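Number of protein chains: 2
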Amino acid sequence: MSKEAKEKSFITPQSEDFSAWYIDVIRKADLMDYAPVRGCMVFKPDGYEIWELCQRELDRRFKETGHRNAYFPLFIPESFFQKEKEHVEGFNPELPWVTEAGGEKLEERLAIRPTSETMIGHMYAKWINSYRDLPLLINQWANVVRWEKRTLPFLRTSEFLWQEGHTAHETEAEAREETMRMLEIYRDFVENVLAIPVIVGQKTPSEKFAGAVDTYSIEAMMKDGKAVQAGTSHYLGTNFAEAFEIKYLDRENKHQYVHTTSWGVSTRLIGALIMVHGDDKGLALPPKVAPTQVIMIPIGPQKTREQVLAKTDEYYELLKQAGIRVRVDDRPDLSPGWKFNEYEMRGVPLRIELGPRDLENGQVVLATRLGEKRTVKQEDLLVEVQRTLEEIQQEMFNRALAFMKEHTYSVDTLDELKELFTEKRGFVYAGWCGSEACEHQVKLETKATSRNIPFIVDEHKSKCLVCEEQAKHTVVFARAY
Amino acid sequence: MSKEAKEKSFITPQSEDFSAWYIDVIRKADLMDYAPVRGCMVFKPDGYEIWELCQRELDRRFKETGHRNAYFPLFIPESFFQKEKEHVEGFNPELPWVTEAGGEKLEERLAIRPTSETMIGHMYAKWINSYRDLPLLINQWANVVRWEKRTLPFLRTSEFLWQEGHTAHETEAEAREETMRMLEIYRDFVENVLAIPVIVGQKTPSEKFAGAVDTYSIEAMMKDGKAVQAGTSHYLGTNFAEAFEIKYLDRENKHQYVHTTSWGVSTRLIGALIMVHGDDKGLALPPKVAPTQVIMIPIGPQKTREQVLAKTDEYYELLKQAGIRVRVDDRPDLSPGWKFNEYEMRGVPLRIELGPRDLENGQVVLATRLGEKRTVKQEDLLVEVQRTLEEIQQEMFNRALAFMKEHTYSVDTLDELKELFTEKRGFVYAGWCGSEACEHQVKLETKATSRNIPFIVDEHKSKCLVCEEQAKHTVVFARAY
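Listed in order, the protein sequences are those of chains F and S.
For the first sequence, our numbering begins at 1 and goes up steadily by one.
For the second sequence, our numbering begins at 1001 and goes up steadily by one.
All clues given are correct.
Computed beta-carbon distance windows for the label pairs: (1) F:E306 <-> S:A1173: 28 to 36 angstroms; (2) S:Q1441 <-> F:N92: 50 to 58 angstroms; (3) F:N341 <-> S:R1387: 48 to 56 angstroms; (4) F:T171 <-> S:E1086: 52 to 60 angstroms.
Anything over 10 angstroms on all C-beta distances counts as not near chain F; from chain S, calculated: (5) R1156; (6) A1173; (7) N1192; (8) T1204; (9) K1320; (10) N1341; (11) Q1378; (12) Y1429; (13) T1449.
Hints in this document: simulated from the structure, not taken from any laboratory.
From a predicted model like this one, the values you see are computed outputs, not experimental measurements.
Note that the Cβ used here is the ideal one computed from N, Cα and C, for glycine as well.
Next comes chain F alone, as it looks inside the complex (with noise of 0.2 angstroms):
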């Protein structure tokens, strides 16, 4: 084989290197290419319609709770930055700097956004004046940068795509009441759109946003294991309302800051999406985000091809007129089984072979990405079809929460963890002093980090796995990416 051919049709096991098995996934299926600048990529149309199928069902759901779109700028005054301490150092090694611009030198740097809530801040400030205006509700679909050493694509690149939502409201409980309700929106989100399960609960203090009071996560487990944060929901409290003078005039008169909120999901969801469903074959989309829901094989020597054609394009448009993405692939010069490899490498949910037989007997053949096959009558197509396209949804979340489950293990001491880690990988509850040492100590020890503290365990731990003092918190402990 050439290399070029070796190039194109081989995809390194999963079992035989993880990382390896992911980059080819990725290049073959034609998702991204690598851009010439340091940390960025490319999203192609078939990694990018993913993500346009991922903004529908956000923004549907951002908007069905009041929250309505707008736009702030890319450019961030340095001075910004410098209001609130923690974002400042959490934020300040990832920012690029533009610092000339129309041929001039600028007075003051301008940062690249990493995240909006300095400028969001800012203008919220001359936005709100009374109780009147709030809650204010405002979501950004945007590009960020945060200037990445090591990279991976879709996971962690110098630019990616996101949204951010930044809400303002009178009171600490109904911000508090707002961040859980987005976070339950990402979870229902994450698990019946892209079907991975999700582990829902709150980060330590050593892992919550720059700035935050206390953030929340969902932590999705991927093939090989390890975590994947794959959406977050902050409580800010008044630190951005006090960094930036964000404050009303409350229902007594009197002046009050605002309590704020922020969150997010981004193009990181793609890869979580190729690392909980793939498999040896290639690319497995869930039937709701996958671009193409059901590719059209026609089959079958030349002289039956005009029937078979014919009666292709019959039930394209049938299906097409019903909402479901359908895709015909009548090319003659490839061979159906060629083209059968191609859509389950690809991803392709659903595949409908039709061939001279099958005319015949008035039949269909499905073959689903999940490994079923089987035949149905011409009458019932568009109804088995819908069915089936919602049981491979379901069957999708089922394996990844059975996987989740078979990779899920509990530990009473950092030994146990470390022995653990030797040939496992997963995540570990554990319980946990509170202390940042302790937590420290695991990732020293292990390279796992505290993913979050969920908020349903099925055993509440007694003592912390490193200081066996009393633990307060059952923690999820994981590798990450």
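Since the structure of chain F is provided, determine the placement of chain S on it from the hints.
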């Protein structure tokens, strides 16, 4: 009246000061705010939603004609600009430069993209190998930056939002066909969705895009008689293909350069929308891009309030189910008169008034933003609303077209043009010999620029307005934003 009250209620009349009117309207209708970065603006929800509606309409048209979305990096290495001579000369003065990132000085400066021909050219060179890879039809929705000295919200800002299509083709004929196809999509969108009539034509060489062989534009007339370039489509020939080595193996197995196109419209369309349809009452939005198409205002005394609100809710659901963007303003502390003015100022195309007498008589009052008012039977409400929205859309286009015609002139000499501009503003048709010197002379003496060479003209001019040599083209001149 207090300063604040005056600020909130007063819109400068168009006839008094058109620029002041424009700023008053966009501020009062809450479409934007100034950002704390020079030349940048914030798109507030009411302004951004107009852009979202534009995006939806355009994106559908792009996809129906075979284009797919992708996303390319914000940063462009300095060396990329050097590769196309005209391009770098055109854009260099407007570029902001990132010179430091992640705490280090960069080896090569990175420009913030003003447009993406160079980055996309670099990627296309990697992606295109054979004629089988062509045509390559990609669009990008993105932010771009051009450091502007004199800025005007929506119409000219340092950062703005746009879409940029970039396509590559086997032959010049195909690329030129694409250039025209997209120009026609822009014309259709601007005329039939934004209700703005346009002049379609070709830019003169001095006004074309830096790096293009030919640039085509649609030009719209604002209510002050000035022009806004509402969209452009470029045939780039093999200029970028040669600069970035974008070659393909043709059907005879020979290496050829691809022919490329690019085309874009931006958030400046929002500025045009305001200046074409707005009046002394404020904004006026065509139904197809109005975030709120119908505002329902329940009226009447307290004792009938419950009944009226119940009916209002019923109609709200009826209209909403039918896909109409409807809202209800039932705030009890604000008078109907105040609300009427408010929503007229915000440009809502249609108002429904519903009071106790209407309930008794089984009727509803419809009042359009164009000043028409009529009573319809309750049972006809949905049909009447749909019909009225269509009528408003058409009538807004008709009025804008009539305005454009009234302010379109024809001259034979530069003196006539100078004389005309002493008291009038508008589009002026004149003959042009084709020399840059004559075009420049017009600009120097009248501040009018050649907008384009229209595809369709009523009367071909025989002599150049400046040198009186034989005219090569009939050109539209106007002062422009």
